[in-house]
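Engineer: Letter by letter, the chains look like this.
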Amino acid sequence: MRPSPLWTRAFHGFNLLLLLLMAASGLEIYNANPVFGGREGATVPELFTLGGWLAGGRDWHFAVMGLYAVNLGLWIGLLLRRRHKRLAGSGDLDTLRASVSSPRRRLASHRLTYTLMLILLAFSLLSGLAMYKPAQLWWLVSLFAFAEPAGFSSWQTLRVCHLATIPAMALLLVAHVLLSWRVGGLRLLRSMVF
Amino acid sequence: MAASPEALSRRRSLGLLLASGSSLLLGGCALNRWSAQVGEATQPLNERIEGLLQGKGPVPEFRRSQVEPEALLVNSFNGTPTLAPGSYRLAVNGAVRRPLNLDLATLAALPQRECVIRHVCVEGWAAIVAWSGPRLADVLALAGPSPLGAYLAIRSADQYFETWDLASALHPQTLLATHMNGAPLPVANGAPVRLASPIKLGYKQSKWVTGLELMTSLGDRLGTWEDRGYEWFAGL
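Protein chains in written order, with this note's numbering: chain A, 245 to 438; chain B, 354 to 589.
Hints listed in this document are in silico derivations from the structure and should not be mistaken for laboratory results.
Even for Gly, the Cβ is constructed at its ideal location relative to N, Cα and C.
Keep in mind that the hints are not guaranteed to be accurate.
To be verified - Part of the chain B face toward chain A, derived, beta carbon under 8 Å: (1) Asn385; (2) Pro397; (3) Leu398; (4) Gln407; (5) Ser418; (6) Val420; (7) Glu421; (8) Leu425; (9) Glu467; (10) Arg471; (11) Ala479; (12) Ile552; (13) Leu554; (14) Gly582.
Said to hold, decoys possible - Simulated coverage check for chain B against chain A, where a stretch passes if three residues somewhere in it have a Cβ under 8 Å from a Cβ of chain A: (15) 431–438; (16) 536–543.
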C-alpha cells in the first residue's frame, strides 16, 4: 500500500498534536472554575493540564485556536473539493441498514466515524468561539438556550457542550483507530500517520 | 509496500518525535514555562481580530426577568474597601481641559442608563446582571477630553489598577454603575461606583473606582492582572 498523500498525513499528525494542546490547555482553563460544581467542584489533575495557571492555559488555548481552525478548514475544504466521495453520505446509512456484507458494513461505519469526527471538530470550534466572544457572537450563544426550560442557562449548556467534545472525540478516536485497523490493517494505520 | 531502510528510518524518527512530544505534553511542566511567550507571539493577531469584531454598535441586552443574582460570584484582589458616600469623590484628570472631582450627586444627576448584560469572568463562569448608572462616556465628556486621549486608566480604592482602550470606554453600554439589579450597589460588588460593560471580561471592570485618568499612551503598568500575565484587551 502506498503512503497516503502528504497533505493527508500532515493533517493527521498536526491535528493530533493540536488536539492534545487544545484539550490540555482547555482543562487548565476548566480548573479555574470547574464546569461541574463551580468553585467547590473537582479539578483535573495537573498532569493532564497545560499552561501552569489560568492565564498560561488561555495563552496556549488561544494561540493554538487559529492553527486549529485553519488546519480543520483546509482539511474539510480539500475533502469536499478533491475527494468528495471520501465523506460519508446517506448511502453509508443505507449500507449499514441493508447490507449483510461485513467488509461493506465496516467501510460504511469507518466513513461515518471519520465524518462525525470532522463535524465534532467543527462543533468544538464553534462552541469555543461562542464562549470566546459571547457579546459579538451572541447569536451563536443563543443556539445553546435549548436547555433553559430545564433550568440550565445557555452559558452553562455552552460550557458543558464545549467540554463534552473532549470525551466525545476520545471515543470517536478509539472507534476510528479500530475501524481503520479492520478496514486496512496496520499498513493503513501507518500509511496515514507517517 | 517495499519498505526501504530509508523510509523506515524516517518513520521511526517521526514516531520518536511524536512519542517524545506527547510525553512532554503529558509531563506538562516542560511546556508551561513557554506559556507567556506563546501568548505574546499570538496575542497581537488575536487582538487585531478582536478589534475588528468589536464594532461600536450596541450588544443585544437581556430581559430583567433573566437576571441571575446567585450566579454572580465575588472576586476581590485586595479585600473589600468601604467608602463613605458623603466624602466620596471621583477624580477625572489626565489629558482633559477641566480636571474634576465629582461627588455622587453629580453622577446621579447625569442621564441614567440600565444595561442588562452577561458579566463574563475570565475563570469561565458568567451571570446576567442589570447594571445602572451614568455612561462612562458622559462622565468623561464633563471634563473636556483632549482629542489626543487614547487610553483610560482606572484607579480603585483597593489599589486595583486597570487601563482600557478609549473606544471600549466610550462604548454606549459602558457604565459607571451605582446600582445593581435595581438596588444600590452592594459593597462587595464595588459600592459606590464600579465599571460595568458587556464588551470586556470581568477583570477589566474595576470595583470601588476612585480615579479616571485619560492618557495619550500606555505607561509601564497595564493593569493589576495584566502585569501578571492576563491579556490586556480582553474583549468579549
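Engineer: Does each hint hold? Answer for all of them.
Structural biologist: Structure-based check of all given hints:
Proximity of asparagine 385/B to chain A holds as hinted, the smallest CB-CB distance being about 4 Å (cut-off 8 Å). Evaluation of the proline 397/B hint against chain A yields a violated restraint, the C-beta minimum of about 11 Å exceeding 8 Å. Using the Cβ-Cβ criterion of 8 Å, the hint placing leucine 398/B at the interface with chain A is satisfied: the shortest such distance is roughly 7 Å. Interface restraint check for glutamine 407/B: the shortest CB-CB distance to chain A comes to about 6 Å, inside 8 Å, so the restraint holds.
Violation of the interface hint for serine 418/B is found here, the shortest Cβ-Cβ separation to chain A being roughly 12 Å, above the 8 Å cut-off. Evaluation of the valine 420/B hint against chain A yields a violated restraint, the C-beta minimum of about 11 Å exceeding 8 Å. Among the interface hints, the one on glutamate 421/B holds; its C-beta lies about 7 Å from the nearest C-beta in chain A, closer than the 8 Å criterion. Annotation: leucine 425/B was flagged as interfacial toward chain A, and the flag is violated, the nearest CB pair being 12 Å apart, outside 8 Å.
Annotation: glutamate 467/B was flagged as interfacial toward chain A, and the flag is violated, the nearest CB pair being 17 Å apart, outside 8 Å. Taking 8 Å as the C-beta contact cut-off toward chain A, the hint placing arginine 471/B at the interface holds, the least distance being around 6 Å. Checking alanine 479/B against chain A by beta carbon gives a least distance of about 5 Å; that is within 8 Å, so the hint holds. The restraint placing isoleucine 552/B at the interface with chain A holds, with a minimum CB-CB distance near 5 Å, inside the 8 Å limit.
For the restraint placing leucine 554/B at the interface with chain A, the shortest Cβ-Cβ distance is roughly 10 Å, beyond the 8 Å limit, so the hint is violated. The closest approach between the C-beta of glycine 582/B and any C-beta of chain A is roughly 4 Å, which is under the 8 Å cut-off, so the hint is satisfied. Counting residues of the stretch 431–438 of chain B whose C-beta sits closer than 8 Å to any C-beta of chain A gives 0, which falls short of three, so the coverage hint is violated. Only when three residues or more bring their CB closer than 8 Å to a CB of chain A does the claim for the stretch 536–543 of chain B stand; here the count is 0, and the claim is violated.
Hints 2, 5, 6, 8, 9, 13, 15, 16, counting from the list given before, are not met by this structure.
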